[in-house]
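These protein sequence lines map, in sequence, to chains A and B.
Under the numbering used here, read the first sequence as residues 1 to 434, first letter to last.
Under the numbering used here, read the second sequence as residues 1 to 434, first letter to last.
Mixed in with the good hints there might be a few duds.
Which copy is meant is left open, so a pair is good if it fits within one copy or across any two.
Here are the simulated lysine to any residue pairs, SDA-like style, with alpha carbons at most 20 angstroms apart [as the list claims (entries may be wrong)]: (1) 73 with 420; (2) 310 with 78; (3) 73 with 121; (4) 104 with 88; (5) 104 with 86; (6) 310 with 63.
Since the hints were made in silico from the structure, they are not lab data.
Number of protein chains: 2
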Amino acid sequence: MSPSAVVPSTVHDGEQDVNLTASAIDHRLTENDQSNGSTNGQNALSSNGQGNGVAQPNVQELNASNITYTFTKEPRDVPPPGVHSIDGSTISTDHMITVAWSAKSGWGTPELKPYGPLSLMPTASVLHYATECFEGLKAYRGFDGKLRLFRPDCNAERFLMSSVRISLPSFPPAEVEKLLLALMAVDGPKWLPRDRPGSFIYLRPTLIGTQSQLGVQAPAEALLYIIATLMPVMDSPVGGMKLHTSPDDMVRAWVGGFGYAKVGANYGPSLLATQEARARGFGQILWLYGSEGYCTEAGASNFFVLWKTKEGKTQLITAPLDDRLILPGVTRRSVLQLARERLSDEIEVVERRYTIKEVLEASSEGRLLESFAAGTAFFVCPVSLIHHREQDIQIPMGKAGEGGPYTLKLKGWLKDIMYGNVDHPWGIVVQEEH
Amino acid sequence: MSPSAVVPSTVHDGEQDVNLTASAIDHRLTENDQSNGSTNGQNALSSNGQGNGVAQPNVQELNASNITYTFTKEPRDVPPPGVHSIDGSTISTDHMITVAWSAKSGWGTPELKPYGPLSLMPTASVLHYATECFEGLKAYRGFDGKLRLFRPDCNAERFLMSSVRISLPSFPPAEVEKLLLALMAVDGPKWLPRDRPGSFIYLRPTLIGTQSQLGVQAPAEALLYIIATLMPVMDSPVGGMKLHTSPDDMVRAWVGGFGYAKVGANYGPSLLATQEARARGFGQILWLYGSEGYCTEAGASNFFVLWKTKEGKTQLITAPLDDRLILPGVTRRSVLQLARERLSDEIEVVERRYTIKEVLEASSEGRLLESFAAGTAFFVCPVSLIHHREQDIQIPMGKAGEGGPYTLKLKGWLKDIMYGNVDHPWGIVVQEEH
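Produce the complete structure using the sequences and hints provided.
Now the structure itself:
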C-alpha cells in the first residue's frame with residue numbers, strides 16, 4: 001500500500017480554487033460584453049462549446065434578425081377581460097418564439113410559430129436536473145394607445161446571468177430583447193387590443209436543457225422559447241397581502257447558493273411552505289434568513305418596509321443584493337431609483353440586512369408605516385399583515401385601505417411610465433405590425 | 001392612517017409555525033403508511049387534493065395491478081456491450097411506463113408502452129419551477145442467469161419522500177416497486193440478455209409537474225414515468241476518482257434546505273462547479289459545508305473515508321443524515337449495514353460530521369487509509385486524490401491500484417448480492433416474461 005500524503009499542488013491556482021464559481025461566471029458574462037470579439041482561450045469554459053463560443057467559427061451566435069415567421073392557421077379568440085385560464089391552463093397568445101441551441105453548432109434560427117406543445121425525450125436534462133431558467137416581464141397597452149415593454153434590457157441581462165449560473169448557454173441579451181419585441185409586434189395588436197388601455201400581458205422567456213442524456217452534466221443541447229400569456233391583476237388583494245414568516249426548518253436561499261438567479265430550482269422547493277401558509281389564510285411566505293431572521297423576499301417578490309427610525313427619520317428599507325440571497329428585481333431596482341430621485345428630501349432609502357425583530361420592534365413602538373412586495377407579477381402590492389411565530393404584525397394600509405401614501409406614490413409613478421402617461425426611457429414602445 | 005400594532009395571534013399554533021414544513025412532510029408520509037385508511041381532516045394538506053387524497057372517494061390511488069400493455073411495433077436492436085448512447089443521447093429500452101395524476105381524479109391507469117417523447121405545453125410547471133424528482137437504481141443480470149433489482153423498496157420510499165418535498169403527489173411506494181418489476185419483466189430478457197451475466201441496466205423513475213399553468217404554486221397535474229437506460233460502468237476509473245473541493249462561493253445544500261431529497265433542484269445548480277473541476281482534470285466536486293468545511297458528498301454520491309484515529313482505531317466514517325444535508329443513499333446505507341454486520345471486529349463505523357481539515361491531518365500523519373464514493377451510478381468507486389485549495393491529498397489505492405482492501409471487500413460483498421452469487425434478501429428477483 002502506498003503511503004498517503006499531502007503535497008502542495010503545482011498545477012492549480014489557489015486563488016481560483018476559492019473563487020472558482022464567481023470568477024467563471026464573471027468571465028463568461030464579460031465575454032459577452034466584448035461585442036463577441038473575445039478570442040483569448042484562457043478561460044477553461046470557452047473550450048467546451050459552452051460560453052458564447054465565438055472562438056469557434058462554426059458556432060453561431062444568437063441573432064434575432066434571422067427570425068422566420070410561420071403564422072397560425074387556427075387563431076384563437078381573445079377571452080373577455082378577467083379570464084386568464086381554461087381548466088387550470090394558462091391562456092397563451094397565438095404564437096411563440098423558439099430558438100434551439102447545441103454545443104456543436106451554437107444558436108439556430110429563431111422561429112416565430114404557432115403556440116403549441118414541446119416534444120421532449122423522457123431523458124431530457126430539464127426533466128431531471130432542473131437545467132432551466134426564466135424571466136417574467138409585461139407588455140402594457142398604454143392610455144396613449146401604444147404598446148410598451150418596461151425595461152426589457154434589465155430582464156434580458158438577468159436572463160443571461162441565470163442561464164450561465166445553471167450551466168445553460170450564453171447569448172447577447174440585446175438579441176433576446178429584440179425577440180420579445182418581435183413577438184409583441186405580431187401578437188400585441190390582437191391580444192392587447194387598443195380599446196383596452198391599462199391592460200397588460202405577461203411575457204415568459206424560458207431556457208431549458210434538452211439534451212436527451214442522463215448523467216449529471218451540463219446539457220449540450222438547449223431550447224430558448226418566449227411565450228406571452230394572460231395573467232390576472234395581483235397588486236391589490238382585498239385587505240392587502242398577508243405574509244407568514246418561513247418556518248425554522250425551511251430556508252429559501254443561502255449564501256453561496258443561487259437565490260439571486262431566476263432558476264427553477266428556487267421555486268419548486270418553496271412550494272411546500274407556501275401551500276401550508278395558504279391553507280392557513282396567508283398569501284405568501286416572508287422568507288427569513290439565518291438565526292438572526294433577516295427579511296429577504298415575500299413569496300417570489302422583493303420586500304420593502306417603510307418605517308420611522310428611532311432617530312425619527314422616515315426610511316424605506318429593503319434587503320441588499322451583495323450577499324446574493326435575493327433576486328435582483330427589476331421592479332425593486334426601479335422603486336429604489338425613483339425613491340432616490342424623487343423622494344430624497346422626504347425619506348432615506350436604504351439597502352441593508354434587517355431582521356424581523358426590527359420590524360416587530362418598529363411595530364410595537366408605532367414606527368412601522370408601510371410595507372409592500374415588489375415584483376413583475378405582484379407589481380407593487382401593499383402588505384397589511386405579517387404573522388411571525390405567535391404574533392400578528394399589523395401594517396397600516398392608508399386612508400382608502402389600498403396601501404400607504406408612499407406605496408401608492410411609487411406605484412403611481414411606475415404605472416405612469418408603463419402605460420405611457422409620461423414619456424420615460426424605461427418604457428420601450430413596440431412597433432406593432434398593424 | 002391606522003396605527004401599526006403587534007398582537008398575539010389567536011388562530012394559529014405557535015409550535016406549528018416553527019416546524020411547519022417537517023410536520024407537514026411527516027404527516028403526509030405517515031398518512032401513506034396507514035394503509036390508505038386515514039380519514040381525519042386535521043391536516044391542512046389533505047383538503048387540497050394533494051396528499052394521497054383518500055378522504056375523497058373519487059380520487060384514485062396509484063394501483064400497479066391496473067397496468068395496461070401496448071407493445072412496440074418498432075423494436076430496436078440491443079447495442080453491443082460498451083455502447084450506451086447515440087449522438088449524445090442515452091439509449092433507452094423499447095418500453096416505458098407512464099402514469100398521469102391530477103388533483104381532481106388522482107392516479108390514472110399505469111401504461112406500459114413504446115418508449116418515446118413526452119408532449120408538454122411550454123407553460124408546464126416542471127419547465128419553470130423545477131417541480132421534479134427522480135430515482136436511480138439498477139437491474140442486474142446475475143451469474144445464475146436471474147435478473148435482480150437491488151433494494152427497490154428503499155428507492156420507492158425515497159421517491160415518495162422527494163415527491164412530497166417538491167409538492168408533487170404521494171403514492172404507496174410498493175406500487176412503484178411493482179411497476180419497476182413490470183417494466184423489467186418485459187424489457188429485461190431482451191436488453192439484459194442471459195448471455196451477458198455481470199451486466200446491468202439503469203432504471204429511472206421520474207415524477208414531473210405537468211400542469212400548464214404559470215404561477216408559483218403546487219401543480220395540480222403530474223406525470224410519473226419509469227424508463228430503463230444503458231449506462232457505462234463508472235466504478236473503476238483508471239487511477240481512481242479525483243475530487244476537487246467545492247469553492248468558497250458555492251454551497252450544494254444547507255440546513256433547512258432540500259439536500260436530502262432527490263429533486264432536480266439539487267443537480268442543475270451544481271453543474272457549474274463540476275464543469276470547472278472537470279476542465280481542470282478532476283472527476284467530481286467534494287462538497288464542503290460551512291466555514292468548518294464539513295465533508296458531505298462527492299459529486300452526486302455519498303463519500304466515505306477510512307482512517308486510523310489518533311488512538312489507533314481503524315474507522316470508516318461518513319457524513320450523518322440527521323442534519324438533512326446529504327442524500328440518504330441506498331448504497332451508503334448498504335455499505336454501513338454490511339460494515340457493521342461483518343467488520344465490527346476490525347473497524348469502527350461512524351456517521352458524524354467531519355471536516356476536510358481532519359482528512360488533511362490524517363493524511364499528513366500517515367493515518368489516511370482509503371476513501372470511496374458510494375452511489376447507484378458510481379457504485380463503490382475508489383478515490384485516489386482530493387485537491388483542496390493549494391494542496392493535493394493522495395489516498396492509497398491498494399496493491400493492484402483498484403482501491404484499498406476494505407473498499408474492495410465491501411464492493412465485492414455488494415456485487416455478490418446484486419449478481420446472485422449469494423442469496424440475500426436485498427436482491428429481488430424479477431419474474432421475466434420469457
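Looking back at the numbered hints, which does the structure fail to meet, lowest number first? 1, 2, 6
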